[in-house]
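Participant: Read off the chains here:
Protein chains: 2
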Amino acid sequence: MESLLDALQPGQRLARGVSRLLRTLDFAPLPEFVPSPGLRVDVAGLGPRGEIWVVECKSSRADFVSDLKWGGYLEWCDRFFWAVDSEFPAELLPGDAGLILADAWDAEIVRWPEESVLPGARRRALTRRFARTAAGRLALLADPGPGLAGR
Amino acid sequence: MESLLDALQPGQRLARGVSRLLRTLDFAPLPEFVPSPGLRVDVAGLGPRGEIWVVECKSSRADFVSDLKWGGYLEWCDRFFWAVDSEFPAELLPGDAGLILADAWDAEIVRWPEESVLPGARRRALTRRFARTAAGRLALLADPGPGLAGR
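Protein chains in written order, with full-length UniProt numbering: chain A, 1 to 151; chain B, 1 to 151.
Don't take each hint at face value.
Claimed, not checked - Label pairs and their in silico Cβ distance ranges:
#: 1; chain 1: A; residue 1: E108; chain 2: B; residue 2: A62; range: 49 to 57 Å
#: 2; chain 1: A; residue 1: D106; chain 2: B; residue 2: G72; range: 37 to 45 Å
#: 3; chain 1: B; residue 1: G11; chain 2: A; residue 2: G72; range: 42 to 50 Å
#: 4; chain 1: A; residue 1: E108; chain 2: B; residue 2: S116; range: 44 to 52 Å
#: 5; chain 1: B; residue 1: R122; chain 2: A; residue 2: V34; range: 20 to 28 Å
#: 6; chain 1: A; residue 1: G71; chain 2: B; residue 2: R40; range: 37 to 45 Å
#: 7; chain 1: B; residue 1: R111; chain 2: A; residue 2: G11; range: 29 to 37 Å
#: 8; chain 1: B; residue 1: G11; chain 2: A; residue 2: D106; range: 49 to 57 Å
#: 9; chain 1: B; residue 1: S86; chain 2: A; residue 2: G71; range: 28 to 36 Å
#: 10; chain 1: A; residue 1: E87; chain 2: B; residue 2: R122; range: 46 to 54 Å
#: 11; chain 1: B; residue 1: L141; chain 2: A; residue 2: D106; range: 32 to 40 Å
#: 12; chain 1: B; residue 1: E32; chain 2: A; residue 2: E87; range: 14 to 22 Å
#: 13; chain 1: B; residue 1: L141; chain 2: A; residue 2: R40; range: 14 to 22 Å
#: 14; chain 1: B; residue 1: G72; chain 2: A; residue 2: V34; range: 43 to 51 Å
Said to hold, decoys possible - If you want the footprint, here are the derived chain B segments under chain A, 3+ residues with CB under 8 Å:
#: 15; region: 73-86
#: 16; region: 90-97
#: 17; region: 116-130
Bear in mind the hints are in silico, worked out from the structure with no lab data behind them. By construction, the Cβ of each residue, glycine as well, lies at the ideal position given by its N, Cα and C atoms.
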């Protein structure tokens, strides 16, 4: 297990802790979700009442500063959070987004963002995309080569 | 690969071929989906426009005859199909459901059912449940013991 963890990039280690947090909150986590072509979020979470959260994991100042598209995430979720580790200079982060303190094993919400409720049509489209992405990945894991391998 | 296949129950072998078929139709397949507490379907499929299909895999006459709840599946999908292999006595199956001929490697639709469009609220609830089920299974595969193992 530890060697698997060592293979993760710093941002992926944060995403692992964030996914654990989401699960404890009864949110189903989905890493590397693409809500819209050209936009990939680190972790999306789908809550029991259909709430959609987006969490961007930033492992360093450089990682944050180079991400010019973060404002674009807000319109794809009900709540948006940054996830950083305890070394991160948190004063860099805009104060109106949520903040999660994370490591590879765990995470906690230290600041809640305002909720910005998605329009119904967009929520439906995002939920469908989330569902198809997750089930598609499961199917690929269960049967990597339909029509190619196995026969 | 063949030894993995040998470990599957007959119905699961059909479900594997059905999942391949769904993928070729751009439907994301999800085995063992529970649309409603107490009801488990063999394979659910979520299409590109949000269509929800249910496929029940029947490996034998006994398997079919013992399933008294099939009428209950219809209200949880836009289209319902039976999937059977070439040995199955197809005359047992009600003529208004869809029919898929399957084996462990492939499947084809031999009879299309009428579409019975789901009400919007139910479709939304099912899509959300499908999404949370699929992402939950992925999360469990990626990290089997949050809070328990790994630290």
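Participant: Given the hint of 49 to 57 Å, is the C-beta distance from B/G11 to A/D106 inside that range or not?
Facilitator: For A/D106 against B/G11, whose Cβ atoms are near 40 Å apart, the range 49 to 57 Å is violated.
Participant: If you check the beta carbons of B/G72 and A/V34, does the distance land in 43 to 51 Å?
Facilitator: Distance hint for B/G72, A/V34 is violated at roughly 35 Å.
Participant: Is it true that B/L141 and A/R40 lie within 14 to 22 Å of each other by Cβ?
Facilitator: This hint holds: roughly 21 Å between Cβ atoms.
Participant: For the region 73-86 of chain B, do three or more residues have a beta carbon lying closer than 8 Å to a beta carbon of chain A?
Facilitator: violated (count 0)
Participant: Has the hinted range 32 to 40 Å been met by the Cβ atoms of B/L141 and A/D106?
Facilitator: 19 Å, violated
Participant: If you look at each residue in the region 90-97 of chain B, do at least three have a Cβ nearer than 8 Å to any Cβ of chain A?
Facilitator: With 0 residues close enough to chain A, the hint is violated.
Participant: Using the beta carbons of A/D106 and B/G72, state whether their distance is inside 37 to 45 Å or not.
Facilitator: 42 Å, holds
Participant: Do A/E108 and B/A62 keep their Cβ atoms within the hinted range of 49 to 57 Å?
Facilitator: 53 Å, holds
Participant: Falls inside 46 to 54 Å, the C-beta gap from A/E87 to B/R122?
Facilitator: 47 Å, holds
Participant: With 20 to 28 Å as the target window, see if B/R122 and A/V34 comply at their CB atoms.
Facilitator: 27 Å, holds
Participant: A range of 44 to 52 Å was offered for this pair. Does it hold for the Cβ distance of A/E108 and B/S116?
Facilitator: 46 Å, holds
Participant: Measuring from beta carbon to beta carbon, are B/G11 and A/G72 in 42 to 50 Å?
Facilitator: 45 Å, holds
Checked against the numbered hints given earlier, the structure breaks hints 7, 8, 9, 11, 12, 14, 15 and 16 and satisfies all the rest.
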